[in-house]
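K.L.:
Chain by chain, the residues:
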Amino acid sequence: MPTNEELLLLDLWVSPFSTRVKIALAEKGLSYKTQEEDVLGGKSDLLLKSNPLYAKVPVLLHNGKPVVESTNIVYYIDETWPSPQLLPACSYGKSTARFWADFIDKKVFDAGRNIWQSKGEELEAAKNEFIDILKKLEGAMGDKDYFGGDKFGFVDVILIGLTTWFYAYEKYGGFKIEKECPKFAAWVNRCKERDSVAKNYIDPERTHEFVGLLRKMHGVE
Amino acid sequence: MAGDELILLNYWISMFGARVRIALEEKGLNYEYREENLQNKSPLLLQMNPVHKKIPVLIHNGKPICESNIIVQYIDEFWNDKTPLLPSDPYEKAQARFWADYIDKKLYDSGRKITWNKNKEEAEEGKKEVLEIFKVLEGALGDKPYFGGENFGYVDISLIGFHMWFYAYETIANFSIEAECPKLMAWDKRCLERKTVAKSLGDPKAVYDIVLKSRKIKGLD
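Quick note, the sequences are listed as chains A and B, same order.
Using UniProt numbering, the letters of the first sequence correspond one by one to residues 1 to 221.
Using UniProt numbering, the letters of the second sequence correspond one by one to residues 1 to 221.
Next up, chain A with everything else stripped away, as it sits in the complex (with noise of 0.2 Å):
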């Protein structure tokens, strides 16, 4: 990367969207800088200002543009370091892709986060639709070691950031995904030994320490 390339990363040390991106700024051997942002206590000029509609991490600042919304700047890393590519060559492979990074992007954080909102019926209703979206994603994998196929591509770098919470929802839930969805859960320990995964993934108890925290913020303990 030339010397005049400069990378910021507003972050939050816990959120899975901005693991996410170091994922992906790890894949491609990028160096940035990071800006821990106090969310629940006050953001920072700098993040209100770099992301003034939605005002939340991750947000990347290249040479001090920013990149808002972690699927977004995944695509963006992707395309102006196109070096190793993380989408497929073809067409129709990306269309693929996208199906199905948006396909995780609308289902996956939510049906955790009714996981750890809801207590009785209801947290048995969300465990079972967690499940099924996994039992999805475990049906577009199929028989690959990864979504791309044979190698770890860009729906992998969008799914696995997420799954440092996974955790926290199986004590909530009651449940383990080892026993419910073993391919998706060697799929997980097949990307945790990459590097770039490894050298990000959230310590799966801090996670479950902070959901006891917003559990206790939202009243449901």
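No wet-lab data here; the hints were simulated from the structure.
Since the model is a prediction, treat every value here as computed from it, not as a measurement.
Please note that the accuracy of each hint is not assured.
Said to hold, decoys possible - Covered stretches of chain A, going by a simulated chain B footprint (3 or more residues, C-beta under 8 Å):
| id | stretch |
| --- | --- |
| 1 | 59-71 |
| 2 | 83-94 |
| 3 | 98-110 |
Stated by the list, open to error - Partial list, computed: chain B residues near chain A (C-beta under 8 Å):
| id | residue |
| --- | --- |
| 4 | V51 |
| 5 | K63 |
| 6 | I65 |
| 7 | C66 |
| 8 | E67 |
| 9 | Q73 |
| 10 | Y74 |
| 11 | E77 |
| 12 | F78 |
| 13 | Y91 |
| 14 | K93 |
| 15 | A94 |
| 16 | R97 |
| 17 | F98 |
| 18 | Y102 |
Built from N, CA and C at the ideal position, the CB exists for glycine as well.
Fit chain B to the supplied structure of chain A, relying on the hints for placement.
P.N.:
Okay, now just chain B, sitting in the frame of chain A:
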């Protein structure tokens, strides 16, 4: 292009289906249009979009592409010899994706508060939200003729399908978009002057009639 078979599964009132029709027209592509009855979805639709079971679906030589913005990107990439819909610069592309995503996240749901309102308060809330979204979009448009600049493109395509629903929003919630957001309506008129747009959009009054009929059936009126 000789040998390319294109089938579009759609429902004519869909603002999402309109995106795909416009993109196909912009590229000068021939395709077979099939109207779906969403109360009685065809086996083909269920087979081609098993995950969401929604229109639009573009079937290219037997292979399905789902999700309207993903379909538009596919059309732009596969038929990349003319009429580019997305910018080539990665940063401009990221901006275009951001705005299309903003439209997707916000406008449809707020519009539904108007069309499917259970009471005047909900319609009023929907109206306020829709106008706020339009004002944000006016800001993004600025003094440019189109969202992408001089040329009609991806973000324009993302938004203009909603034109079909403006009359329904205005009539049900009793307001004038022109009065509140004249810049946006100037853009709207500009887009409607394009043949590709005019032939891809259904009659807004016919959309309003359908909304009224559906409201009666759902017991909302």
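K.L.:
Work down the list of hints and note, for each, if the structure agrees.
P.N.:
Hint check results:
1. 59-71: holds (count 5)
2. 83-94: Check passed, 3 qualifying residues.
3. 98-110: It holds: at least three residues are needed, and the stretch 98-110 of chain A offers 4 whose Cβ sits within less than 8 Å of chain B.
4. V51: 6 Å, holds
5. K63: Constraint on K63(B) satisfied, holds at 6 Å.
6. I65: 5 Å, holds
7. C66: Where the cut-off is 8 Å and the nearest Cβ of chain A is about 6 Å from C66(B), the hint holds.
8. E67: With a minimum Cβ separation of about 6 Å from chain A (threshold 8 Å), the hint on E67(B) holds.
9. Q73: 7 Å, holds
10. Y74: Holds. Min distance 4 Å.
11. E77: Result: holds, 5 Å to nearest chain A Cβ.
12. F78: Interface hint status for F78(B): holds (4 Å vs cutoff 8 Å).
13. Y91: This hint holds: Y91(B) lies near chain A, its Cβ roughly 6 Å from the closest one there, short of 8 Å.
14. K93: Since chain A brings a Cβ to about 7 Å from K93(B), closer than 8 Å, the hint holds.
15. A94: Since the shortest Cβ distance to chain A is 4 Å, the answer is holds.
16. R97: At 5 Å from the nearest chain A Cβ, R97(B) passes the 8 Å test, so the hint holds.
17. F98: Hint on F98(B): holds, closest Cβ of chain A at ~6 Å, below 8 Å.
18. Y102: Holds. Min distance 7 Å.
Comparing the model with each numbered hint stated earlier shows that all of them hold.
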